[in-house]
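K.L.:
Okay, here's what each chain looks like letter by letter:
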Amino acid sequence: MRRPATASATAKVGLMKVELLFWEGCPSYTKALADLRASLTDSGLDPDGVVLREIETEADAESHQFVGSPTIRIDGVDVQPLPDEPTGLTCRVYRRRDGRVSPTPDPADVRDALRAAALSAASDRS
Amino acid sequence: MPAIGDRAPAFTLEDTSGTPHRLDGAPATVVVFTCNHCPYALAWHQRIVDVARDYAGAGVRVLAINPNDAERYPRDSAAQMRARVERGEFEGVRYLRDESQQVARAYDAKTTPDVFVLDAGGVLRYRGAPDSDYDDPSQNALWLRGALDAVLEGGTPDPAETVPVGCSIKWRP
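Here the protein sequences come in this chain order: A and B.
According to our numbering, the first sequence is numbered sequentially starting from 7.
According to our numbering, the second sequence is numbered sequentially starting from 1469.
Mixed in with the good hints, there may be bad ones.
For the chain A half of the interface with chain B, some residues (derived, Cβ under 8 Å), not all of them [unchecked claim]:
no., residue
1, 26
2, 32
3, 36
4, 93
5, 97
6, 99
7, 100
8, 106
9, 109
10, 113
11, 117
Quick list of simulated restraints, FRET-style, between CB atoms [unchecked claim]:
no., chain 1, residue 1, chain 2, residue 2, range
12, B, 1539, A, 91, 14 to 24 Å
13, A, 55, B, 1473, 28 to 38 Å
14, A, 101, B, 1474, 47 to 57 Å
15, A, 31, B, 1588, 34 to 44 Å
16, A, 66, B, 1640, 15 to 25 Å
17, A, 91, B, 1485, 41 to 51 Å
18, B, 1490, A, 92, 57 to 67 Å
19, B, 1608, A, 82, 36 to 46 Å
20, A, 69, B, 1485, 39 to 49 Å
Derived coverage of chain B by chain A (criterion: at least 3 residues anywhere in the stretch with Cβ under 8 Å from a Cβ of chain A; other residues may be distant) [said to hold, decoys possible]:
no., region
21, 1500-1510
22, 1558-1564
Hints in this document: simulated from the structure, not taken from any laboratory.
Think of the CB as a built atom: it goes at the ideal place given N, C-alpha and C, for glycine as much as any other residue.
Construct the entire structure; sequences and hints are all you get.
P.N.:
Spelled out as C-alpha cells, the structure:
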C-alpha cells in the first residue's frame, strides 16, 4: 500500500485539510484510505494530500478525541460525527446507506462531506 | 493450539441465561469467536445466524463465544450480550461468555470473528473467516457452508483453513 508519512503538520487537499486517523489494531484503515483516495479523485482533488495520523495509546485517543479506527475528518469535521461516543483504541462501526454495518464509511458519505467542505471553503472566500 | 485434524479443546461455558454448554457430539459444531463492538463481527453476524438456521435440520450446533475484556470494552459485557440475545439477534445460536479467556487462548483465536468447524468427534476440520468478504452479503458464508457440507458428507473441507479477518481479540492486560 502506498502510505504517506504520518504527519503532524497540516497538509491541504486543495483548500481542505483531509485527515485519516487510525489505530494499527484495526485492519480497516487500509480500505478506508483507498476509498478516501478514490473519493478525492472522483471529486477532482489530490488523492495524495491525505494526512495519516496513527493513534497509538489511549492517551493519544483522548487527546485527539479519537472514537475508533478509522476516523476521517475534513477540515476537522468527522464524516459521520459520533458526539456521544467514548474515545479509545477500537474499531469503529459505520452504517452504510443501505443499512449494512461496515468497518469503513460509505464512500457516498465521504464524497458528500468533501462537497460540503468545498462549498464551505468557496463561501468563505467569496 | 489445535491444527486441522486435531481434536479441538473441550470447554464448558455459560450462555446469557446461565445455561452451561459444551461440545456434545453434534454431527458438526461451529465455534465462532465474536463480540458486540467489532464492525467485522457485526457485518458477518447475520450470515452466521443464517447458517445456524439453514443447518439446524442437519443437527449442526452454532456456539458463538465472546472472549473480549469487557472492562476495557464495556459493549462486550454480559449485560450487553444478554440485550442482543433478548432482541432476537442470536436466533438458533448460543451466545457464550468466555470470561477467563481460557477457551479463546486454547483455540488460539485471533480475531472476531474467527470460525472453527468441528466434526462429530470434536476434530477441527475448518478454521478461518466465514467467507472472503465481510462487505459482500452475497458471499453468504460460503467457506463456512462449504466446510459444513463437507463434514456432514464425511469429506474434507476445501479450503480447510483461511485467514481470519476482523478485530483483534481484546485480551486482558
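K.L.:
Are the hints correct? Go through all of them and say.
P.N.:
To see whether the hints hold, each was checked on the structure:
1. 26: 16 Å, violated
2. 32: It holds, given that the least Cβ distance between residue 32 of chain A and chain B is near 6 Å, below 8 Å.
3. 36: 12 Å, violated
4. 93: 12 Å, violated
5. 97: Constraint on residue 97 of chain A satisfied, holds at 5 Å.
6. 99: 4 Å, holds
7. 100: 7 Å, holds
8. 106: 7 Å, holds
9. 109: 4 Å, holds
10. 113: Because about 11 Å separates residue 113 of chain A from the closest Cβ in chain B, which is outside the 8 Å limit, the hint is violated.
11. 117: Result: violated, 18 Å to nearest chain B Cβ.
12. B:1539 <-> A:91: 14 to 24 Å: 18 Å, holds
13. A:55 <-> B:1473: 28 to 38 Å: Check failed, 51 Å falls outside 28 to 38 Å.
14. A:101 <-> B:1474: 47 to 57 Å: About 40 Å separates the Cβ atoms of residue 101 of chain A and residue 1474 of chain B, which means 47 to 57 Å is violated.
15. A:31 <-> B:1588: 34 to 44 Å: Distance hint for residue 31 of chain A, residue 1588 of chain B holds at roughly 37 Å.
16. A:66 <-> B:1640: 15 to 25 Å: 21 Å, holds
17. A:91 <-> B:1485: 41 to 51 Å: Violated: the Cβ-Cβ distance is about 30 Å, outside 41 to 51 Å.
18. B:1490 <-> A:92: 57 to 67 Å: 36 Å, violated
19. B:1608 <-> A:82: 36 to 46 Å: Taking Cβ atoms as reference, residue 1608 of chain B and residue 82 of chain A lie about 40 Å apart, which means the hint holds.
20. A:69 <-> B:1485: 39 to 49 Å: 42 Å, holds
21. 1500-1510: With 5 residues in contact (Cβ-Cβ under 8 Å with chain A), the coverage given for the region 1500-1510 of chain B holds.
22. 1558-1564: violated (count 0)
In summary, the structure is inconsistent with hints 1, 3, 4, 10, 11, 13, 14, 17, 18 and 22 from the numbered list given earlier, while agreeing with the others.
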